[in-house]
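S.K.: Could you build all of it, start to finish, from the sequences and the hints given here?
There are 4 protein chains.
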Amino acid sequence: MSHEDLRDAVYESNVELARAGLAVLTWGNASAADRQAGLMLIKPSGVAYDDLRPEDIVAVALETGETVEGELRPSSDTPTHLALYRGFPGIGGVVHSHSTCAVAWAQAGREIPCLGTTHADHFAGPVPLTRQLTSAEIDADYEGGIGTVIVERFEEGGLDPASVPAVLVPGHGPFTWGSTVQDALRNAIALEEVARMALHTFALLPDAGPIPRPLRDKHYQRKHGPDAYYGQEQV
Amino acid sequence: MSHEDLRDAVYESNVELARAGLAVLTWGNASAADRQAGLMLIKPSGVAYDDLRPEDIVAVALETGETVEGELRPSSDTPTHLALYRGFPGIGGVVHSHSTCAVAWAQAGREIPCLGTTHADHFAGPVPLTRQLTSAEIDADYEGGIGTVIVERFEEGGLDPASVPAVLVPGHGPFTWGSTVQDALRNAIALEEVARMALHTFALLPDAGPIPRPLRDKHYQRKHGPDAYYGQEQV
Amino acid sequence: MSHEDLRDAVYESNVELARAGLAVLTWGNASAADRQAGLMLIKPSGVAYDDLRPEDIVAVALETGETVEGELRPSSDTPTHLALYRGFPGIGGVVHSHSTCAVAWAQAGREIPCLGTTHADHFAGPVPLTRQLTSAEIDADYEGGIGTVIVERFEEGGLDPASVPAVLVPGHGPFTWGSTVQDALRNAIALEEVARMALHTFALLPDAGPIPRPLRDKHYQRKHGPDAYYGQEQV
Amino acid sequence: MSHEDLRDAVYESNVELARAGLAVLTWGNASAADRQAGLMLIKPSGVAYDDLRPEDIVAVALETGETVEGELRPSSDTPTHLALYRGFPGIGGVVHSHSTCAVAWAQAGREIPCLGTTHADHFAGPVPLTRQLTSAEIDADYEGGIGTVIVERFEEGGLDPASVPAVLVPGHGPFTWGSTVQDALRNAIALEEVARMALHTFALLPDAGPIPRPLRDKHYQRKHGPDAYYGQEQV
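Residue numbers (numbering that gives the first Met the number 0), protein chains in the order written: chain A, 0 to 234; chain B, 0 to 234; chain C, 0 to 234; chain D, 0 to 234.
Hints were generated in silico from the structure; no laboratory data involved. Since the model is a prediction, treat every value here as computed from it, not as a measurement. Take these hints with a grain of salt, some might be off.
Where chain D lies over chain A, by a calculated footprint (3+ residues, C-beta under 8 Å) [said to hold, decoys possible]:
1) 19-28
2) 39-46
3) 64-77
4) 90-102
5) 133-146
6) 191-203
For lysine to any residue, the following SDA-like pairs were computed, each having C-alpha atoms within a straight-line distance of at most 20 Å [unchecked claim]:
7) C/Lys222 to C/Ala139
8) A/Lys222 to A/Pro211
9) B/Lys222 to B/Leu158
10) C/Lys222 to D/Lys222
11) B/Lys222 to B/Val163
12) A/Lys222 to B/Gly45
13) A/Lys222 to B/Leu24
14) A/Lys222 to B/Asp140
15) C/Lys222 to C/Pro211
16) B/Lys222 to B/Asp159
17) A/Lys222 to B/Asp159
18) B/Lys222 to C/Ala47
19) B/Lys222 to B/Gln181
20) A/Lys222 to A/Asp159
21) A/Lys222 to B/Val46
22) B/Lys222 to C/Ala139
23) D/Lys222 to D/Gln181
24) C/Lys222 to D/Ser75
25) C/Lys222 to D/Pro78
26) D/Lys222 to D/Glu154
27) A/Lys222 to B/Val163
28) D/Lys222 to A/Pro127
29) B/Lys222 to B/Gly124
30) C/Lys222 to D/Val46
31) D/Lys222 to A/Glu136
32) C/Lys222 to D/Tyr141
33) A/Lys222 to B/Glu136
34) B/Lys222 to C/Asp138
35) B/Lys222 to B/Asp140
36) A/Lys222 to B/Pro78
Heads up, incomplete: computed chain A residues facing chain B, CB under 7 Å, no partners named [unchecked claim]:
37) Gly115
38) Gly208
39) Ile210
40) Tyr229
C-beta: ideal position from N, C-alpha, C; glycine also.
M.R.: This is the structure in structure tokens:
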């Protein structure tokens, strides 16, 4: 994919984030990595989605975080995105949103259990919750620190970021990722819907528990496993 | 109805499923049966609703499930649809969705009681819940097995699929059907709305119970009974 | 207002009922009375809002209920509308909907208390609940009987239909009315919003109670009283 | 900014208030102050958002409240807006809405605690609640009295209207403000979303508490503090 095509994909995914109802005002941001070029393309900080243009997308160096292309300041969450690309070498896109129901779970400080096949189609297990940052971490490098506790959560929990492409930061909100920025966006949309379903499920059954493991595995594997048969064969 | 008209109806119902807010991403699918031709027409697997075209609709043989028309792979839920057409000889359309509130009831493992006339206008009694599939059934023929437990639920419960055209599969979601694919779609829309109303009703009255039987019968019969007087006379 | 203008107003109010999210499928109906001509104009039964045309609106005699204009069968709820026009001589429009949150209150069998000024701006007191119809009443004249219990509820409760232009029928849903069909529609929209706010309020405060009477009166009177100063002077 | 540009901004913000889903029917109003000219520009009373035109915006004197421009009667909430401009000399815009979730908190008589960073990005602490007006205050000068109790709440609570640009009036609803009318509108949108998130959070965790102070300060300061680095540098 050319540099320009990738920039357009980042632009489109940011616009789609607002259109899908996952972001109001200037909240949220989507990025993509071009690992060969050593670059990350991301939304500029604080720009309204209606005003955003493809040429506003900012390119920063994956290693240093320095802006290498674009007139505007990159998203203030840039250090979080960079930490995720560094900690999860297999991913190509990251989305951060303040989508309503995922934020409610984050604010309640609860992981989202795998209550159904909609969840299992996208996330092979509960959506995990990181620890809260310490005051010192907030002072030192707040946005980078968020990335650090996310990667830490996956390492310490033995979680695979490819099979659980989402996380909640307590008192804050969700981050999702994927092989591409479009994939990260689809995971953000799925996460919000799964979070909404889980909210309603707990209202009906306060001690709701996860679906049986064979059912969860079946759904995840038929879509993402080596013998996946959901969707069309990739040509 | 010509083969092409039926294909267009299946296409339209799939698109309308997304437009009505019952499906996001590639979730959900609608199908129709042409019993004389021995065919079922269904959405292709994993295709986004925005990209779907009438010619993408796949035709499979009702008896064998083999694809007889179309370039794409049919929905992964095809065996469920086929089992429903075989088990319920009177139906002509099936819709599967992951609509938010119906899924919440399925995830909570609860039937939806008939709490009001909106429900009774469409479903002559509670919306039933199937049993969970066993691990062996999940391994052997997962999607076909879902159809089997649905038909089993109606047979063992003495339920008439014509008067209760909806079911919940626990930890998964709803299936609806009807005499045509449009009818199945209307039942999917009604089910989601009824599920939402029931969620709010239980929030206000945790031990809410069904409406009196005469009221339920009145509403169902005035719309679907032999002396129905709702709607226009069919010419 | 000419007969044709009134017919257009009824058509527009029905279409707006769906557009405002208060009706899905063919649910709901709006009517207006032309008391001088002794007529009521109402939506035809079971017609989808997208297919509705102004010329489909049916005119029936206020006294006998006989169709005097139109090719289609009038709404099955016609006898309820007629009973309201007969019982409440001051009204000129009626709206019936199955809007989600108002139905939830009806299904829970609870009146909506006046929890705030949004409510008081439209309804001078709680939105009342009728009694349930008996089996005999359901058998004899179901739709007419609904109108009868509504009028009975207002008479026995000493309620003024002009200052409380809404009611809930248990296990069914809301009816609203007003001096015109547009006014009845505005009350239907306000009722659904007030019902939604009240649902959320009770989630936050399970024993929420009505606002103080002076505050309720102030809001109702500044909009509807003899010295009203809300809105523009009618020229 | 010219007088005409300010009038257009007030018009646009009122229309946007409805478009953003914060106002139905004729509820809500937005205003701006031109302090040099000693004027306030505000929506006319009881005009539907679809019918509103820029030339309908009414100008009243900040000091006396007398209409100095416009054919229509200003919003009945005009005295509240005036009291806020007088009590909070630093603000340039005010928005009043009956948005669903903020009203639910007001009707429950509860402040909205700072449960997350979405809240902290806009409001540096809980969204406060005023006291209820007395009957005497309702009789004497109802709308002016609302402004008075809002200013009183900030003075007695030692709150800074610049860092907490929102308030709830019990049994009524929210008021927000900002340096401009657009800023006040953004705060109204943020408040409704924060109120919705908080409702869901309390459903999941009935004793949810505020985020740690360092996290709250970090978010507020990175966006609004002297060393803010969110958004683009103002040129």
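S.K.: Confirm or reject each hint.
M.R.: Taking the hints in turn, this is what the structure says about them:
Counting residues of the region 19-28 of chain A whose CB lies closer than 8 Å to any CB of chain D gives 4, so the stated coverage by that chain holds, three being the minimum. A stretch counts as covered by a chain when three or more of its residues have a beta carbon under 8 Å from one of that chain; for the region 39-46 of chain A and chain D the count is 4, and the coverage holds. Requiring three or more residues with a Cβ within less than 8 Å of a Cβ of chain D, the coverage given for the region 64-77 of chain A holds, as 3 such residues are present. Only residues whose C-beta sits within less than 8 Å of a C-beta in chain D count toward coverage, and the region 90-102 of chain A has 4 of them, enough to reach three; the restraint holds.
Counting residues of the region 133-146 of chain A whose CB lies closer than 8 Å to any CB of chain D gives 4, so the stated coverage by that chain holds, three being the minimum. With a cut-off of 8 Å between beta carbons, the region 191-203 of chain A has 3 residues touching chain D; three or more are needed, and the interface restraint holds. For the hint linking lysine 222 of chain C to alanine 139 of chain C, the alpha-carbon distance of about 41 Å lies beyond 20 Å, and the restraint is violated. A threshold of 20 Å between alpha carbons decides the hint, and for lysine 222 of chain A with proline 211 of chain A the separation of about 18 Å falls inside it, so the pair holds.
At roughly 19 Å between alpha-carbon atoms, lysine 222 of chain B and leucine 158 of chain B fall within 20 Å of each other, so this suggested pair holds. The hinted pair formed by lysine 222 of chain C and lysine 222 of chain D fails the criterion: a straight-line CA distance of about 41 Å is larger than 20 Å. Of the supplied pair hints, the one linking lysine 222 of chain B and valine 163 of chain B holds, its CA atoms being roughly 13 Å apart against a limit of 20 Å. Restraint check for lysine 222 of chain A and glycine 45 of chain B: the C-alpha separation of about 9 Å stays at or below 20 Å, so the hint holds.
Taking the CA atoms of lysine 222 of chain A and leucine 24 of chain B, the gap is about 14 Å. The hint holds against a cut of 20 Å. With a C-alpha separation of about 16 Å, the suggested pairing of lysine 222 of chain A with aspartate 140 of chain B holds against the 20 Å cut-off. Our distance criterion of 20 Å between C-alpha atoms is met by lysine 222 of chain C and proline 211 of chain C, whose separation comes to about 18 Å. Distance hint between lysine 222 of chain B and aspartate 159 of chain B is fulfilled; the C-alpha atoms sit about 16 Å from each other, no more than 20 Å.
With a C-alpha separation of about 34 Å, the suggested pair lysine 222 of chain A and aspartate 159 of chain B falls outside the 20 Å cut-off, and the hint is violated. Proximity of lysine 222 of chain B to alanine 47 of chain C is assessed by CA-CA distance (about 15 Å); at most 20 Å being required, the pair is judged to hold. For a cut-off of 20 Å, the pair hint linking lysine 222 of chain B to glutamine 181 of chain B stands: about 17 Å separates their Cα positions. For the hint pairing lysine 222 of chain A with aspartate 159 of chain A, the CA-to-CA distance comes to about 16 Å; that is within 20 Å, so the pair holds.
Restraint check for lysine 222 of chain A and valine 46 of chain B: the C-alpha separation of about 13 Å stays at or below 20 Å, so the hint holds. Our distance criterion of 20 Å between C-alpha atoms is met by lysine 222 of chain B and alanine 139 of chain C, whose separation comes to about 17 Å. As the CA atoms of lysine 222 of chain D and glutamine 181 of chain D are separated by approximately 17 Å, the hinted pair is consistent with the 20 Å bound. For the suggested pair lysine 222 of chain C and serine 75 of chain D, the alpha carbons sit about 10 Å apart, so the restraint of at most 20 Å is met.
For the given pair, lysine 222 of chain C sits about 16 Å from proline 78 of chain D by alpha-carbon distance, which is consistent with the 20 Å threshold. A hinted pair counts as satisfied when its Cα atoms are at most 20 Å apart, and lysine 222 of chain D with glutamate 154 of chain D does not qualify at roughly 25 Å. For the suggested pair lysine 222 of chain A and valine 163 of chain B, the alpha carbons sit about 31 Å apart, so the restraint of at most 20 Å is broken. A C-alpha spacing of about 28 Å is found between lysine 222 of chain D and proline 127 of chain A, which places the hinted pair above 20 Å, so the restraint is violated.
For the hint linking lysine 222 of chain B to glycine 124 of chain B, the alpha-carbon distance of about 14 Å falls within 20 Å, and the restraint holds. For the hint linking lysine 222 of chain C to valine 46 of chain D, the alpha-carbon distance of about 13 Å falls within 20 Å, and the restraint holds. Using a Cα cut-off of 20 Å, the hinted pair lysine 222 of chain D and glutamate 136 of chain A holds, with the two alpha carbons roughly 18 Å apart. For the hint linking lysine 222 of chain C to tyrosine 141 of chain D, the alpha-carbon distance of about 13 Å falls within 20 Å, and the restraint holds.
A distance of roughly 18 Å separates the Cα atoms of lysine 222 of chain A and glutamate 136 of chain B; the hinted pair therefore holds under the 20 Å criterion. For the given pair, lysine 222 of chain B sits about 15 Å from aspartate 138 of chain C by alpha-carbon distance, which is consistent with the 20 Å threshold. Our distance criterion of 20 Å between C-alpha atoms is broken by lysine 222 of chain B and aspartate 140 of chain B, whose separation comes to about 38 Å. Among the hinted pairs, lysine 222 of chain A with proline 78 of chain B is consistent with the structure: their alpha-carbon atoms are about 16 Å apart, no more than 20 Å.
For glycine 115 of chain A, the interface hint holds, since its Cβ comes within 7 Å of a Cβ in chain B; the closest pair sits about 4 Å apart. Contact between glycine 208 of chain A and chain B, as hinted, is not supported at the beta carbon level, the nearest pair being about 10 Å apart and thus beyond 7 Å. A distance limit of 7 Å between C-beta atoms decides the matter here; for isoleucine 210 of chain A the minimum to chain B is near 4 Å, and the interface restraint holds. Because the smallest distance between the Cβ of tyrosine 229 of chain A and any Cβ of chain B comes to about 5 Å, under 7 Å, the interface hint for this residue holds.
Violated hints for the displayed structure, listed by number in ascending order: 7, 10, 17, 26, 27, 28, 35, 38.
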